[in-house]
Amino acid sequence: MLEGKDLACVRGERTLFNHLNFSLQEGELLLVQGANGSGKTSLLRLVCGLMAPEFGEVLWRGEKIGAVRESYHAEMAYFGHAPAVKEDLSAFENLDFACRLAGIPVSRDEVKGALGHLGLGHCLNLPAKSLSQGQRRRVALSRLLLAKARLWILDEPLTALDQAALKLVQSLLGEHLRQGGMALLTTHQPVMIPGIAPKILDLSA
Amino acid sequence: MNMTQTVMVLLRRELMLAMRRRGDVLTVLFFFVIVASLFPLGVGPDPKLLRLMGGGVVWVSALLAAMLSLGRMFASDYADGTLEQLILTPTPPVVWITGKMLAHWLVSGVPLILVAPVLGVQFGLSNEALGVLVFSLLLGTPVLSLIGAIGAALTLGLRGGGVLVSLLVLPLYIPVLIFGAGAVDGAMSGLGAEAHLSLLGGILILAFMLTPWAVSAALRISIE
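Protein sequences, first through last, are from chains A and B.
My numbering puts the first residue of the first sequence at 1, with every later residue one more than the last.
My numbering puts the first residue of the second sequence at 1, with every later residue one more than the last.
Note that these hints are calculated values from the structure, not bench results.
A hint or two may mislead.
One side of the interface only, derived from the structure: several residues of chain B facing chain A at Cβ under 10 Å [what the hints assert, rightly or not]:
(1) 12
(2) 13
(3) 21
(4) 25
(5) 88
(6) 220
Chain A is faced by these chain B residues, among others (derived, beta-carbon under 7 Å) [what the hints assert, rightly or not]:
(7) 80
(8) 81
(9) 85
(10) 89
(11) 90
Now the stretches of chain A that chain B is said to cover, found in silico as 3 or more residues with beta-carbon under 8 Å [what the hints assert, rightly or not]:
(12) 71-78
(13) 83-95
(14) 101-113
(15) 159-171
Here the structure is a predicted model, which is why all the values come from computation and not from measurement.
Note that CB positions come from ideal geometry on N, CA and C, so glycine has one too.
Produce the entire structure from the sequences given, and follow the hints as far as they go.
What follows is the structure in structure tokens.
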């Protein structure tokens with residue numbers, strides 16, 4: 001399904017990684033590990049198509065992602081360092097607009113349900129600037145519930161989350177994978193998903 | 001995927017954000033009024049002189065005010081990650097970029113057009129010249145948003161981006177200024193404004209067709 005072939009990434013003068021290969025099938029989880037600055041975020045940005053690799057290619061269902069951009073992006077959800085939450089909009093408006101802009105038709109109840117599921121039911125209509133960092137990240141994560149993407153690309157999804165949210169995210173991941181989804185994620189925290197043995201991609205090696 | 005729908009959603013979001021940050025919109029408007037009002041103080045109160053330069057002054061002020069608002073076009077979306085998410089939607093980038101430009105014009109171009117007649121009256125422009133001034137701004141200010149978007153996209157995330165935008169974009173605004181101010185001039189001297197206005201219209205159509213592609217390429221470079 002998702003394949004990286006002979007990928008190389010150069011930032012400035014520095015080669016972050018070279019000859020990197022990986023593949024991801026339905027129901028699989030790929031954990032990208034490595035020290036700070038080893039190129040984890042760059043790899044994720046390469047895979048989702050925000051950056052072009054110096055060398056090599058990323059394939060989705062056997063085709064280069066550049067050639068199938070629209071269908072690839074329709075099936076992929078990316079969660080980056082910045083949560084893409086507008087401070088002047090409420091949690092509800094943030095999620096509602098994010099889904100509509102991505103072309104996902106959602107009803108008011110679905111949006112409320114997704115936010116409620118992530119424990120934001122009591123602050124739906126508060127402007128996001130009055131939410132904490134962790135709550136903003138929860139708003140961003142709620143997008144995953146509605147996007148119904150096959151492939152999740154998550155960059156440090158667990159930072160700034162409390163214990164309850166950590167558990168919740170891991171159970172969401174488990175559910176996604178059991179339904180045949182795929183996930184590519186970087187994290188410094190241990191990820192425990194019952195019944196799923198993650199593949200590991202170590203960039204420091 | 002329905003593209004007009006995406007543009008409508010984006011417009012609604014941008015207008016809502018502008019409503020919540022009314023200060024930003026008003027700053028640009030006041031800047032416009034103050035710059036135009038400085039000229040009579042600088043060159044003296046001779047009515048003949050003021051009437052002669054009124055159109056040009058309003059146009060130069062509009063250019064500077066448009067410049068002031070360019071920084072906001074993509075910067076906050078870039079900082080909070082919304083821009084990445086927009087790029088990763090299945091919608092072709094030129095579609096939502098067009099929406100962004102349109103929203104920028106509605107928020108920072110249209111208020112200028114509404115206030116311009118008041119400034120024109122201050123300079124003693126005739127009724128006919130006032131009409132031409134408004135019409136030329138109606139054709140010209142969208143071009144300022146369209147071309148300005150290229151500069152705004154190219155300077156995303158750069159230190160001192162604001163100054164750089166001016167250096168990049170002001171030279172490109174020159175044709176708009178020449179034909180915009182020229183139209184008002186033509187109306188006042190009795191030569192007629194049609195030629196200038198048609199040229200402005202032509203520039204608008206050309207910019208509308210080409211700039212979204214340029215902005216799309218510029219954003220790709222900036223986001224890497």
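- Sort out which numbered hints this structure fails and list those numbers smallest first. 4 and 15
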